[in-house]
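Protein chains in written order, with the numbering used here: chain R, 1 to 122; chain X, 123 to 244; chain L, 245 to 366; chain C, 367 to 832; chain G, 833 to 1298; chain S, 1299 to 1764.
Be a bit skeptical, because a hint or two may be false.
[Unchecked claim] Restricting the straight-line Cα-Cα distance to at most 25 Å, the calculated cross-link-like pairs of lysine-lysine (BS3-like) are:
(1) X:Lys182 to X:Lys124
(2) X:Lys124 to R:Lys60
(3) R:Lys2 to X:Lys197
(4) L:Lys246 to X:Lys124
Treat the hints as calculated values from the structure; they're not laboratory data.
The chain contents come next:
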Amino acid sequence: MKLITAVIRPEKLPNVKEALFKIGVTGITLSRVSGHGGEREVLEHYRGTQVRLEFHEKVKLEIAVSEAFLERTVKAISSAARSGEVGDGKIFVQSLEQVIRIRTGENDADALTPVGTPKEGY
Amino acid sequence: MKLITAVIRPEKLPNVKEALFKIGVTGITLSRVSGHGGEREVLEHYRGTQVRLEFHEKVKLEIAVSEAFLERTVKAISSAARSGEVGDGKIFVQSLEQVIRIRTGENDADALTPVGTPKEGY
Amino acid sequence: MKLITAVIRPEKLPNVKEALFKIGVTGITLSRVSGHGGEREVLEHYRGTQVRLEFHEKVKLEIAVSEAFLERTVKAISSAARSGEVGDGKIFVQSLEQVIRIRTGENDADALTPVGTPKEGY
Amino acid sequence: MKALKLALPLGLLTLMGGALAQTAAAAPVIDKGDTAFMLIASALVLLMTPGLAFFYGGLARAKTVLNTMMMSFIAIGVVALLWPLIGYSIAFGDLKNAFFGGFDKVALSGLTAGSIWNNGGVIQTTIPTFVFMIFQMMFAVITPALISGALIDRMKFGSYILFIGLWSVLIYAPLAHWVWSANGWLFARGVLDFAGGTVVHIAAGISALVAVLILGPRSSGSQRAAVPHNIPFVLLGAALLWFGWFGFNAGSELAADGVAGLAFINTAIAPGVAMLAWLLCEVVRGQRPSAVGAATGAVVGLVAITPACAYVGPVASMAIGAIAAVCSFLVVQLKHRLAADDALDVFACHGVGGIVGAILTGVFADSRVSGLTAAKGLIDGNPAQIVTQLVGVGVTILFCAVGTATLMFIIKAVMGVRVSAQEESMGLDVSSHAEDGYNNGDFGYATNGKSGSIDSPVILSANAND
Amino acid sequence: MKALKLALPLGLLTLMGGALAQTAAAAPVIDKGDTAFMLIASALVLLMTPGLAFFYGGLARAKTVLNTMMMSFIAIGVVALLWPLIGYSIAFGDLKNAFFGGFDKVALSGLTAGSIWNNGGVIQTTIPTFVFMIFQMMFAVITPALISGALIDRMKFGSYILFIGLWSVLIYAPLAHWVWSANGWLFARGVLDFAGGTVVHIAAGISALVAVLILGPRSSGSQRAAVPHNIPFVLLGAALLWFGWFGFNAGSELAADGVAGLAFINTAIAPGVAMLAWLLCEVVRGQRPSAVGAATGAVVGLVAITPACAYVGPVASMAIGAIAAVCSFLVVQLKHRLAADDALDVFACHGVGGIVGAILTGVFADSRVSGLTAAKGLIDGNPAQIVTQLVGVGVTILFCAVGTATLMFIIKAVMGVRVSAQEESMGLDVSSHAEDGYNNGDFGYATNGKSGSIDSPVILSANAND
Amino acid sequence: MKALKLALPLGLLTLMGGALAQTAAAAPVIDKGDTAFMLIASALVLLMTPGLAFFYGGLARAKTVLNTMMMSFIAIGVVALLWPLIGYSIAFGDLKNAFFGGFDKVALSGLTAGSIWNNGGVIQTTIPTFVFMIFQMMFAVITPALISGALIDRMKFGSYILFIGLWSVLIYAPLAHWVWSANGWLFARGVLDFAGGTVVHIAAGISALVAVLILGPRSSGSQRAAVPHNIPFVLLGAALLWFGWFGFNAGSELAADGVAGLAFINTAIAPGVAMLAWLLCEVVRGQRPSAVGAATGAVVGLVAITPACAYVGPVASMAIGAIAAVCSFLVVQLKHRLAADDALDVFACHGVGGIVGAILTGVFADSRVSGLTAAKGLIDGNPAQIVTQLVGVGVTILFCAVGTATLMFIIKAVMGVRVSAQEESMGLDVSSHAEDGYNNGDFGYATNGKSGSIDSPVILSANAND
Ligand SMILES: Nc1ncnc2c1ncn2[C@@H]1O[C@H](COP(=O)(O)OP(=O)(O)O)[C@@H](O)[C@H]1O
Ligand SMILES: Nc1ncnc2c1ncn2[C@@H]1O[C@H](COP(=O)(O)OP(=O)(O)O)[C@@H](O)[C@H]1O
Ligand SMILES: Nc1ncnc2c1ncn2[C@@H]1O[C@H](COP(=O)(O)OP(=O)(O)O)[C@@H](O)[C@H]1O
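If we strip away everything but chain R, and leave its shape as in the complex, we get (with noise of 0.2 Å):
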């Protein structure tokens, strides 16, 4: 099994919705974060102050698949959160030893079945 680790602007996150659930993808867990990479700088003033921001709002996701998903999943991300812009962000896999349901108990990739779809893993 593979852990995705996707890091994108946070209006493409509609989009990157829905092309992991046209595909079957509906396991996931997203988190805000702040991105620096190759982004000009926002100044902002607060009276005789000036602010750099260097650090861009992200949303990161982080979604476990099954080997057989891999490439559909990073496909289907790499579309849709592409603007074309510098700041588009970034894809991270790396390989995981284990998935545990928590409500069953499960392991590996029955683990990351949905509930009611006791289809093959994806």
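The hints should help you fit chains X, L, C, G and S with the ligands onto chain R, whose structure is shown.
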């Protein structure tokens, strides 16, 4: 060493915390995340607009442990976080190549031993 | 490639940032986390109720680097984030199988090179 | 409005403060100055209820902030409907008996813009009856809202609405008649309550305590996490309460005169000193002086000075503020020993503060400062007043306890009073109001009310659907 | 200010409410009570604009909260400059014609602290002219600010400032003359608008609708994410609006008397009932009673009672509140069918509420309660008033629609009205004001204005630099 | 209160504005209109201090928001204790000398609800003495609170309390005597300061500057991160300040008349124009017009118009607002060159705004508008007034600088003035108040005060314990 990442319900956090402390795990990093899985959407209404909350509030725990502690930690989390309803969350286990304690520069298992407890790493 | 995850004190962030920029690391993803380790609890009081803050505010940095950059990055963080007091935090290193730059679809080390710097990946 | 009414038992119809010595013979006229004052005072008292919403809302958790605030706001709606229709008539209608005012003023029948309030001909004021009615309505709004602080985090919103509606008509209105109407029996008994220590604060504090006993405690989870989510809101609420309280206390004189001035200065002094006293208590106990403590102390001082404000001098006012703060502080420390889970300390603040204030009114009332000869306490040579005050306190406690228990039991039987455990753990904002107090907007979808339309999330595969 | 003016068509110069029966012979004097009331009422009306800023700001997203709030705040600045310089003169200057007031009062020339307002000698009040001027200014401030709710999330801030400046001088001021000046043509026509149902609310609602048609809808992204970011702020805003509205409505009597009292009580009752009605609508539709709904309902009730407040009795006031809430609720449900992207429902709340209120004034005005014999509606035997009200509504709609469209087209041509798509997606707080509403401070650097100084981030290597 | 006092040097006891021409022979009576106005004005001024708490609190960082707000709130407590006990007597006690008022009014001895304020028999007003006392108290509350903005993020809370307590008694009260009491020496000198430009704003601004020089700058870490954490709170604070300022300025007339009306309109106009001027400065410097800028500009305009408000016409008022905003803006840009770390620009806003306003009062005071013949400035043919104003400014600066320095050095010697570096880096909310401004509640544990009880976290193994 392993990195355990658990996504749980916020209301189960106190239980999980106690369970971890009981088995001697005290190094924990927490964050607030939003999870999407098998749970039902929540509908909200604001004037004429319907809002679907497709994501539910969750808490993510990241815990680095030595091999020896892996199983009991996973078990502790898994039983303390269980409600039996859809949405209880997942536990992910990844291998960890290196751990450095910033304060001392110590490496690996040493870095996982809490202050004042020169016992075997956990 | 490696994924470096560092949990540091918020007040040390400016130092760490400078240290990273100096060695040429500009791709960073930050988030706000709460950490529990060896630090003392903070007590708060609200009317008749005592509240224990067992968790302390920390900042988590995630940085993907090529092998070549690993050591100097870890060193930079570790020395810039050190105060010598309990609670300075930890650095975790994991292996990273794949990195994709969303904007271009580039893969692996290429994806780690910032805009306009066609030098060796770091 | 006690300054006016006190005149009565002594058979005096002349009023305090200046130009008001009309006899019954002279046609009563509206005084523009008094009317201006009472109009603005009424607006100030209205603002107290949103102030309370912030005071309570800031103390609540983020996931129940809206429910907590709505419990105050809805009181404006409910009482704005019921008070003109029936509550006012029960409280200030015809003077046939000592226990309630009757039905002649139902739906404000007969009142016009030209009516001047005279409490059935017994007391002549110089303000329009409409203005008196609305000033009183603002009191009737905030009193049940005060109770809500005890009930947050687990009460059904519908049951709460029913409860405060019935409470305001069946408990508040009669009590207001007893204490403030020219023929009310507690009024006749000589109980001193200038601006509502008994009718408002003891009534709310006791009712809160009784109501939570029937409602039951919060789940241990929500109790554990019960840390104020936004303390600046608590301070905002305290500030708006204090600001409005000037209308509440000084306005109770129904005229812009020196007695109103005395009521006003005490409404500034007592809570200021109570704030200091509360912080000192914290320091003495080894804690830090806290913002929640400052806000709480000020509110307790405001509560305690309410019955006394026009009767006592400024130094006595300092004493009342300090004593009430210490008493209330001690009760708050002990609250975890109580069976009742009074979430935001309504009893400890309003109940205790009100009782202390009512009794100390009997101690410190001083006609040499106020000029109100009927209002003498211990220090002015009338120790018997303390007994009278105790009677007032006792009757109020009894009536409110029995009345509230009855209402709560009936509502519990008819429709239930608690949300389900699951709704409680979700937080009442989402479960009772389908809203979140704070949104960052990125993770949710607005679907324009058209489910399945082109704007809504496209969900194609079956297994993605739940 | 209608109670005063209504006297005119009937040739009566005597005023309502008591001691004001001076004939033209007696030297007019300032009444301290009335002046006290109007000074405070003016302060209350000022507070409505920040209240609106919170009402709108809370409903907006976190990344446009400042821009949304600034659209209200800047209106205070713009109108505080333009109203004394020119707007006041256009609205209340000499009485040469029925369509605008002239230029004799430009820069308030000739006014002194001793001037008493008498609308060119026709109507004698007992308040200083300065006080009348500032009370009116507060109305001129909030009216364009109301429009802003429709325009948020995409309008250029500079264009907005130009728009409201021109709007307040060229549209608001003449309209105020028509409806409220002693020789205004709608006033002469007998249109009843006590406190600004037409001039303020219909004008703002219609202008908002027309302006967004020209401005265009928000990007689908910002529309989708348009969930209120801070509902306690919405409640705070509603509370401050309500509080200020007492000054707005009761103050429009320009005197502290029984008519002001009637206006005041209706300003409490109608919105209270409207709040309940809105929540009931939500429940009937199968939703939960929401905090945003309660706030919206109360505001709609306030809007609807504005033209009627001093003319109708309390039960009629309940009816007006309830009917307006239901109408407005229905329009809000349908809003997604409209082409116009009226972001915060300015039309549905102020337009619809204002129209319903104006018409119902013609139905419920009842001189038996108010004592204002010139203000009779259907239930007081004067069905023709409804037609008169419809004329007022129609003229206002027409004038504002044409005027707003003209202004917007000109500004669009001259300097554009929309920010770029990229600025819109960043959020206007950062792109138009270079500020974030909320900061946690850890991730940003304050550089003391000295770039490159020792305090600023040390950036050494070239490839780290952008 | 200058309109009243100015009458004196000219030997006139007749007061402005209408019906008040009683000679000493006629028994003084309370005017209901004036009293109504002053009661509400006092409430408005009280609200300014919480307004300030939000203005400052929003500009502070999230981890020091409570400490910042408490520095304002505690001023209410401290001064509510000290002003009635001693401060009032020093400022407005018997008239034996020109430098302080004496001790005859200690603990308000001798005052009753019937007392009418006449400043020792020299000036006859028509309001109760209690009302005058409390109106003045509200000024004494906010002035030291203003200073706190400079001191945030590092001052010991206990030392701060001691400082403002001493400051209010030893610096504020005498200064108030000099400028506002009938025999104060600056008053006799003819210094024009209607509502407190010198006594309140210059005093606070200078004291802030001197105090921070002794306190020392914040750590570079907190200075760096010093970005406003909640700008809507800044706007809320500015709005409440502005709202309250109407009471502050117009109330200083102590009567509801045309002069109060003039003071009121200038209190709306000058800050409105100052807001625009500040935003224009930002744009001229190539920045964006910001919300913090709008709020700051408005406050600076309010400060600058304070001494002048009842003396100048509306166009002069615009000029004062604009000039003060530009001056203050420039000083803010230069602040990083100063050694003093005046965290929230108290000197740049209140000091500079106050000085500019005081001097411009000497330029623009115009008796042809105000009717106050003793208040003539340059444009009214009295250039000498500018010199008089400069004397007033100079004396205030000198007295406050020396006085504040003395107090701070003593307190520093006795108990220290700064928290430890570690406490500063934790943030003063946790370290001085053991509270967090905002909590989400999930990560902390409430333990009901019973440590070790069944509700507290079960911690079993030793190595888990710290
Ligand atoms: N090496 C990295 N490690 C971790 N996060 C990174 C790294 N490089 C980029 N990111 C994340 O991706 C985001 C976008 O990267 P950026 O370099 O700005 O744009 P692009 O990927 O289009 O070149 C950054 O804001 C940051 O959150
Ligand atoms: N494949 C996945 N990748 C990442 N996070 C997941 C995945 N599946 C579930 N989660 C996280 O776990 C939470 C609970 O999962 P859910 O499917 O709702 O319940 P259950 O595990 O009980 O079937 C989700 O809200 C999400 O945060
Ligand atoms: N085993 C661990 N797994 C995950 N995070 C850890 C672990 N140990 C420590 N941390 C993180 O590092 C922070 C600092 O650790 P702590 O033990 O307090 O100090 P130190 O590293 O100086 O001994 C903690 O607050 C926590 O966020």
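Okay, the hints, checked on the actual structure:
About 16 Å separates the Cα atoms of Lys182 (chain X) and Lys124 (chain X), which keeps this hinted pair within 25 Å; it holds. Restraint check: the Cα-Cα separation between Lys124 (chain X) and Lys60 (chain R) comes to about 22 Å, which is no more than 25 Å; the hinted pair holds. As the CA atoms of Lys2 (chain R) and Lys197 (chain X) are separated by approximately 22 Å, the hinted pair is consistent with the 25 Å bound. For the proposed pair Lys246 (chain L) and Lys124 (chain X), the alpha carbon gap of about 15 Å is at most 25 Å, so the pair holds.
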